[in-house]
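> If you want the building blocks of each chain, they are given just below.
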Amino acid sequence: MGSVLKPGPEGILTPMPVDVEARVIRNTRLSSDYNVLALAAPDIAAAAAPGQFVMVKPGRGCTPLLRRPFSVFEVLRTNGRADGLTLLSKRVGVTTEMLFEAVEGDVVSCLGPLGRPYTAVDPPVEAWMVAGGVGLAPFAALAELLRARGTSVTLFYGARTSGELFYLDWFRDRGVRLALATEDGSLGDRGRVTLPLERALQRAAAREVMVYACGPEPMLEAVARMAASYRRRSEVSVERVMGCGLGGCYSCVVPVRDGPNGHHYVRSCLGGPVFAGDDIAWDAH
Amino acid sequence: MGSVLKPGPEGILTPMPVDVEARVIRNTRLSSDYNVLALAAPDIAAAAAPGQFVMVKPGRGCTPLLRRPFSVFEVLRTNGRADGLTLLSKRVGVTTEMLFEAVEGDVVSCLGPLGRPYTAVDPPVEAWMVAGGVGLAPFAALAELLRARGTSVTLFYGARTSGELFYLDWFRDRGVRLALATEDGSLGDRGRVTLPLERALQRAAAREVMVYACGPEPMLEAVARMAASYRRRSEVSVERVMGCGLGGCYSCVVPVRDGPNGHHYVRSCLGGPVFAGDDIAWDAH
Amino acid sequence: MTPDLSVRIGPLTLKNPVIAASGCFGYGVEYAGMVDLSLLGGVAVKGLFLAPREGHPPERIVETPAGMLNAIGLQGIGVHRFISEKLPELRERRATVIVNICGSTLEEYVELARILSDAEGVAALELNISCPNIKEGGITFGCSLTGTYDVVSAVKKVTSLPVIPKLTPNVTDVASFARAAAEAGADAVSLVNTFLAMAIDVETRRPKLSNIVGGLSGPAIRPIAVRMVYQCRRSVKIPIVGMGGIASARDALEFMIAGADAVQVGTASFVDPFIWTKLIDGIGDYLRRHDVARVRDLTGTIDTAAREKEWISS
Amino acid sequence: MTPDLSVRIGPLTLKNPVIAASGCFGYGVEYAGMVDLSLLGGVAVKGLFLAPREGHPPERIVETPAGMLNAIGLQGIGVHRFISEKLPELRERRATVIVNICGSTLEEYVELARILSDAEGVAALELNISCPNIKEGGITFGCSLTGTYDVVSAVKKVTSLPVIPKLTPNVTDVASFARAAAEAGADAVSLVNTFLAMAIDVETRRPKLSNIVGGLSGPAIRPIAVRMVYQCRRSVKIPIVGMGGIASARDALEFMIAGADAVQVGTASFVDPFIWTKLIDGIGDYLRRHDVARVRDLTGTIDTAAREKEWISS
Ligand SMILES: Cc1cc2nc3c(=O)[nH]c(=O)nc-3n(C[C@H](O)[C@H](O)[C@H](O)COP(=O)(O)OP(=O)(O)OC[C@H]3O[C@@H](n4cnc5c(N)ncnc54)[C@H](O)[C@@H]3O)c2cc1C
Ligand SMILES: Cc1cc2nc3c(=O)[nH]c(=O)nc-3n(C[C@H](O)[C@H](O)[C@H](O)COP(=O)(O)OP(=O)(O)OC[C@H]3O[C@@H](n4cnc5c(N)ncnc54)[C@H](O)[C@@H]3O)c2cc1C
Ligand SMILES: Cc1cc2nc3c(=O)[nH]c(=O)nc-3n(C[C@H](O)[C@H](O)[C@H](O)COP(=O)(O)O)c2cc1C
Ligand SMILES: Cc1cc2nc3c(=O)[nH]c(=O)nc-3n(C[C@H](O)[C@H](O)[C@H](O)COP(=O)(O)O)c2cc1C
Ligand code: FES
Ligand code: FES
Numbered sequence: 001m002g003s004v005l006k007p008g009p010e011g012i013l014t015p016m017p018v019d020v021e022a023r024v025i026r027n028t029r030l031s032s033d034y035n036v037l038a039l040a041a042p043d044i045a046a047a048a049a050p051g052q053f054v055m056v057k058p059g060r061g062c063t064p065l066l067r068r069p070f071s072v073f074e075v076l077r078t079n080g081r082a083d084g085l086t087l088l089s090k091r092v093g094v095t096t097e098m099l100f101e102a103v104e105g106d107v108v109s110c111l112g113p114l115g116r117p118y119t120a121v122d123p124p125v126e127a128w129m130v131a132g133g134v135g136l137a138p139f140a141a142l143a144e145l146l147r148a149r150g151t152s153v154t155l156f157y158g159a160r161t162s163g164e165l166f167y168l169d170w171f172r173d174r175g176v177r178l179a180l181a182t183e184d185g186s187l188g189d190r191g192r193v194t195l196p197l198e199r200a201l202q203r204a205a206a207r208e209v210m211v212y213a214c215g216p217e218p219m220l221e222a223v224a225r226m227a228a229s230y231r232r233r234s235e236v237s238v239e240r241v242m243g244c245g246l247g248g249c250y251s252c253v254v255p256v257r258d259g260p261n262g263h264h265y266v267r268s269c270l271g272g273p274v275f276a277g278d279d280i281a282w283d284a285h
Numbered sequence: 001m002g003s004v005l006k007p008g009p010e011g012i013l014t015p016m017p018v019d020v021e022a023r024v025i026r027n028t029r030l031s032s033d034y035n036v037l038a039l040a041a042p043d044i045a046a047a048a049a050p051g052q053f054v055m056v057k058p059g060r061g062c063t064p065l066l067r068r069p070f071s072v073f074e075v076l077r078t079n080g081r082a083d084g085l086t087l088l089s090k091r092v093g094v095t096t097e098m099l100f101e102a103v104e105g106d107v108v109s110c111l112g113p114l115g116r117p118y119t120a121v122d123p124p125v126e127a128w129m130v131a132g133g134v135g136l137a138p139f140a141a142l143a144e145l146l147r148a149r150g151t152s153v154t155l156f157y158g159a160r161t162s163g164e165l166f167y168l169d170w171f172r173d174r175g176v177r178l179a180l181a182t183e184d185g186s187l188g189d190r191g192r193v194t195l196p197l198e199r200a201l202q203r204a205a206a207r208e209v210m211v212y213a214c215g216p217e218p219m220l221e222a223v224a225r226m227a228a229s230y231r232r233r234s235e236v237s238v239e240r241v242m243g244c245g246l247g248g249c250y251s252c253v254v255p256v257r258d259g260p261n262g263h264h265y266v267r268s269c270l271g272g273p274v275f276a277g278d279d280i281a282w283d284a285h
Numbered sequence: 001m002t003p004d005l006s007v008r009i010g011p012l013t014l015k016n017p018v019i020a021a022s023g024c025f026g027y028g029v030e031y032a033g034m035v036d037l038s039l040l041g042g043v044a045v046k047g048l049f050l051a052p053r054e055g056h057p058p059e060r061i062v063e064t065p066a067g068m069l070n071a072i073g074l075q076g077i078g079v080h081r082f083i084s085e086k087l088p089e090l091r092e093r094r095a096t097v098i099v100n101i102c103g104s105t106l107e108e109y110v111e112l113a114r115i116l117s118d119a120e121g122v123a124a125l126e127l128n129i130s131c132p133n134i135k136e137g138g139i140t141f142g143c144s145l146t147g148t149y150d151v152v153s154a155v156k157k158v159t160s161l162p163v164i165p166k167l168t169p170n171v172t173d174v175a176s177f178a179r180a181a182a183e184a185g186a187d188a189v190s191l192v193n194t195f196l197a198m199a200i201d202v203e204t205r206r207p208k209l210s211n212i213v214g215g216l217s218g219p220a221i222r223p224i225a226v227r228m229v230y231q232c233r234r235s236v237k238i239p240i241v242g243m244g245g246i247a248s249a250r251d252a253l254e255f256m257i258a259g260a261d262a263v264q265v266g267t268a269s270f271v272d273p274f275i276w277t278k279l280i281d282g283i284g285d286y287l288r289r290h291d292v293a294r295v296r297d298l299t300g301t302i303d304t305a306a307r308e309k310e311w312i313s314s
Numbered sequence: 001m002t003p004d005l006s007v008r009i010g011p012l013t014l015k016n017p018v019i020a021a022s023g024c025f026g027y028g029v030e031y032a033g034m035v036d037l038s039l040l041g042g043v044a045v046k047g048l049f050l051a052p053r054e055g056h057p058p059e060r061i062v063e064t065p066a067g068m069l070n071a072i073g074l075q076g077i078g079v080h081r082f083i084s085e086k087l088p089e090l091r092e093r094r095a096t097v098i099v100n101i102c103g104s105t106l107e108e109y110v111e112l113a114r115i116l117s118d119a120e121g122v123a124a125l126e127l128n129i130s131c132p133n134i135k136e137g138g139i140t141f142g143c144s145l146t147g148t149y150d151v152v153s154a155v156k157k158v159t160s161l162p163v164i165p166k167l168t169p170n171v172t173d174v175a176s177f178a179r180a181a182a183e184a185g186a187d188a189v190s191l192v193n194t195f196l197a198m199a200i201d202v203e204t205r206r207p208k209l210s211n212i213v214g215g216l217s218g219p220a221i222r223p224i225a226v227r228m229v230y231q232c233r234r235s236v237k238i239p240i241v242g243m244g245g246i247a248s249a250r251d252a253l254e255f256m257i258a259g260a261d262a263v264q265v266g267t268a269s270f271v272d273p274f275i276w277t278k279l280i281d282g283i284g285d286y287l288r289r290h291d292v293a294r295v296r297d298l299t300g301t302i303d304t305a306a307r308e309k310e311w312i313s314s
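Chains as they are written, first to last, in the numbering used here: chain A, 1 to 285; chain B, 1 to 285; chain C, 1 to 314; chain D, 1 to 314.
Check the hints yourself; a few may be wrong.
In silico EDC-like cross-links for lysine to aspartate or glutamate, where the CA-CA straight-line distance does not exceed 20 Å [claimed, not checked]:
#  : chain 1 : residue 1 : chain 2 : residue 2
1  : D       : Lys278    : C       : Glu203
2  : D       : Lys156    : D       : Glu107
3  : C       : Lys278    : B       : Glu21
4  : C       : Lys278    : D       : Glu203
5  : D       : Lys156    : D       : Glu111
6  : C       : Lys237    : C       : Asp297
7  : C       : Lys157    : C       : Glu107
8  : A       : Lys90     : A       : Glu101
9  : C       : Lys15     : C       : Glu92
10 : C       : Lys157    : C       : Glu183
11 : C       : Lys15     : C       : Asp297
12 : D       : Lys278    : A       : Glu21
Source of the hints: derived by calculation from the structure; they are not laboratory data.
Build the full structure now, drawing on both the sequences and the hints.
This is the structure:
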């Protein structure tokens, strides 16, 4: 498979996905539930844009049966050439359990890159990335891309507790400003990540800002509404159960606005996972 | 679970089986299809008698769903105490594939010991063990037991080709005489293992002999008939697809003689896997 | 709080809802040394005809994705030997014995019920009108509404034991069979028996089972079985014993929430013969965690209202 | 020897027996960049009504042991947009297009058939009378013998395209539906559609699908589907398109040996979107290995005679 560009049916150009039996290079456990899995998948790594995802299946057999979607977290490079990628994974079920337990040399089937990436902005527009929990996943790659363009980047990052805020130094090292929140108040604001975000929006006055969000859906909704009320553009990465990741099954739909009150369902694996915050019909279900 | 003795419903005393999550100590590949897997399962190893089996399931999940039966090959001892066992496995499907690929530290669920063992004989009776292919499996443990009793042991061992005759030195080291056969003639007699067996029976004249057999069913039948025609006792270990290994499912039946022409089905996990060669109604199916 | 795990199947009270499924636990006695039979909600013994039966030749089972096929053909010792050879030990072990009975004719069911009603230590009769593996009788009742009605009412006339017809899933509308059973006076229904299925060895082009077809059980069928229990729950008021692919406490709870009063476990007990305490303890833990006092309060509590939105910082 | 992989589905000749199953391959065009559509035996596109449809709200799928449930609710763009927006590209890619049509009424099936008969590039019509996820129409035809007969004969009257009713497995006797279809003039039947099933989240006690129930597909159902194909083969002479859990060439061959003339693959193509050449090549290898000249010579060749004994030094 080359990397031919094709027009996605939901109206976006994506490189042709490839299916790679990727070897595990390294598995770093960040906590009792989170791990970062490094995979040798040069073709995918070279083609992936921030916000895109891969469909992953560890092991053979029927448990799990279907692939699962994961954002491309970091792109790994050797001598400047992309040769691997990492996944930031949170243990919630059978696949993530296997990713958590994976050891060097294991093979993980990896199909990608897939989906519509975030739209990178250039200076003077500032990039504000808003992450809830494992919603951090697309933002390492996005931060690198944006910083390479000289764009100012802030990460608003919320979790239950400070022990679940990862990669803080990684972002600081790349000149990313951090605004943190924890539900137990152990680091940053006590409460949700929308707290520091709203404060910043209040203070941002005339600055141009693009808000990127990834996290649980109610958070995405809150962020999109907040951005809109402050007249800022937003892009959110939605998380849907995906059967195929390729437009085949229609499992992954989100309600997209259709005039003032209507909506229609769009497959998030093709039309997303990244959508403009304004496009989603948040009230639809 | 202790090692209480209970009367098996098919009329035999067996120790209570235990279920052990056994760690893989070592995996030795003997060829592209055969391997010997060493498992840490002291309770089973200590209780197992030659000819008994364990019900094994590698991995979690549904592939495989059911356990599979394997003979206890060797009992491993440290300072004389049984602390592990090995399985001789031939790759034929999903479970044996996983056993072939297993690495140190993996966990294999192991239930046993199960079933009716071989009846060990004492001098002056000689023990003739007849193995076809992976049918070698029960005979390492049996040879050790018999040699410890001072019984003279001969192994008749057939396979397709010399590369599939394993553990020859192991048996020689323990004073076991070998009579080999290969279908391609690369070692021992060209042809089936019944060739050297019949020759030996012809020559054995007045010696008392007990014939033990394990291998494909047509071989067992041939051996049992041959032993009977030379008026020697035989015990054969039958290989049936087993759903439970405990008498619950009635999947594993063999036809056992019932008067001159009749037969009834006996569960080989309880009444066997070892049966007197004369007891099986070879013509029944 | 120690949750109350007892459930009622008509006139019968089980100490907990976990029953060993028929045909998957021998006559129970095979397991008596390994498992304390008195801890189980019940033991459904292997299907019995009046006379002993040899069953089908091997191969009798084959594994399939997340399931297995069986065509045992109801090998069994017949009701008389069961009563004389097995029942005394089951009684001694204080097992709650549910006898699964099979007939080639309506009369055979009636005769079996009569004989077992006189035996000591039988808690209930499960009418196997749903075995897919044998030609004569059984499933012909289970696939006909009047057949189901007739066999249940005939058996009810001759016994005071609770009567639990076991329904086949191989029908268009299982709930109508539950209704027929209820109208005929069944004390409960149990479902599902296995799905008629087959597997072929493509190298030899032969069926993998000697009987050509067999019954599919195991986790593979669970979602269909749960749906059938759900449909029956909305259709009848009598207790339902649910089964099909239960392999964990969570699976058992799924059946109960869908509408089952008790559950049976077959295939999964082949994989883990020590599953029983895990299931019973797991159900207890769930009840404690969810602050439910009695397991019977779970039955049929599926919430089909629209989901609400929750925001947790996942 | 290069084996002949072509098969005949009534008047239609497919270059090989491997078809992408409806609802599992979008409108085909989604895959056009990844898969050479002209290499497939056929592409069964997503079920179409006359009008566009929104389908059910999420969650629409959930994984189950060796299978998955779906309740998509036939979201679709309607037949007119299909003809104008998708069919031209499918034609250009030289796909053999099988259009899966759904109706709420008999008239809707007829109207769809009429419209599609006038469109260029449609090879056959598959009548979806078996979708378990929608309330109106469809499966009510598929669960009634006269309904099946009526819809097939009505459609046959208005089209010269091959007509392939797709049968539901949620019935007691699937072969009787195949017979009804054959008598009504169907060119072939396809089976199975999904099994009505459900899954419940025990923590919330809510169904996992918004539609409460959905259809079970994937390897879990394969043994039941194979049995149904086998039964239909012994009951009708028209071609059979078999499906349900096919994930390898061996699985496809199993269906053909049981009686299928061609096969469809759905769920497994989600796991491996590049499965098509693997299946086609695997079938070819098998034919070579077994010295079978034409794949169609395999259909229904199951050998149900007693097994012979073989002795290999295993
Ligand atoms: C585009 C996209 C990108 C994603 N990126 C990441 C990532 O980088 N890192 C990460 O850890 N996770 C990510 N996810 C979520 C991830 O796909 C799920 O956590 C994963 O599918 C769970 O699989 P499992 O087998 O471990 O759990 P399962 O056993 O399948 O499910 C466990 C629980 O999680 C729920 N669940 C399963 N899949 C999803 C889903 N897609 N969305 C919401 N809930 C689900 C189930 O309902 C169930 O309650 C992403 C999802 C999408 C759609
Ligand atoms: C008491 C007993 C002791 C055994 N000891 C050993 C042993 O020590 N070493 C060893 O390698 N094997 C042994 N076997 C055979 C072993 O159980 C099978 O090889 C194993 O079940 C195959 O599992 P699988 O998942 O790899 O293959 P599967 O995928 O289950 O099957 C692959 C193929 O093997 C056939 N098969 C599966 N199970 C059996 C079976 N039980 N008998 C015959 N054919 C079968 C299937 O029909 C299929 O064609 C023993 C069997 C029994 C009954
Ligand atoms: C090997 C085997 C034998 C069975 N024998 C019987 C039987 O004798 N009577 C009966 O009513 N059901 C019988 N069943 C069906 C089970 O009781 C149960 O209904 C079915 O297996 C589904 O449950 P499971 O998925 O937990 O196994 C048998 C099932 C298996 C697997
Ligand atoms: C997500 C999904 C959508 C489906 N949509 C349709 C459909 O629109 N029309 C139809 O006839 N069958 C539909 N089916 C059924 C499949 O075509 C097929 O009959 C079934 O999935 C069994 O095959 P499989 O196990 O290979 O998936 C759908 C199946 C799935 C999984
Ligand atoms: S995941 Fe299948 S269409 Fe989007
Ligand atoms: S393997 Fe289940 S009874 Fe023998």
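> Check the structure against each numbered hint from earlier and tell me which ones fail, lowest number first.
Hint check: nothing fails, all pass.
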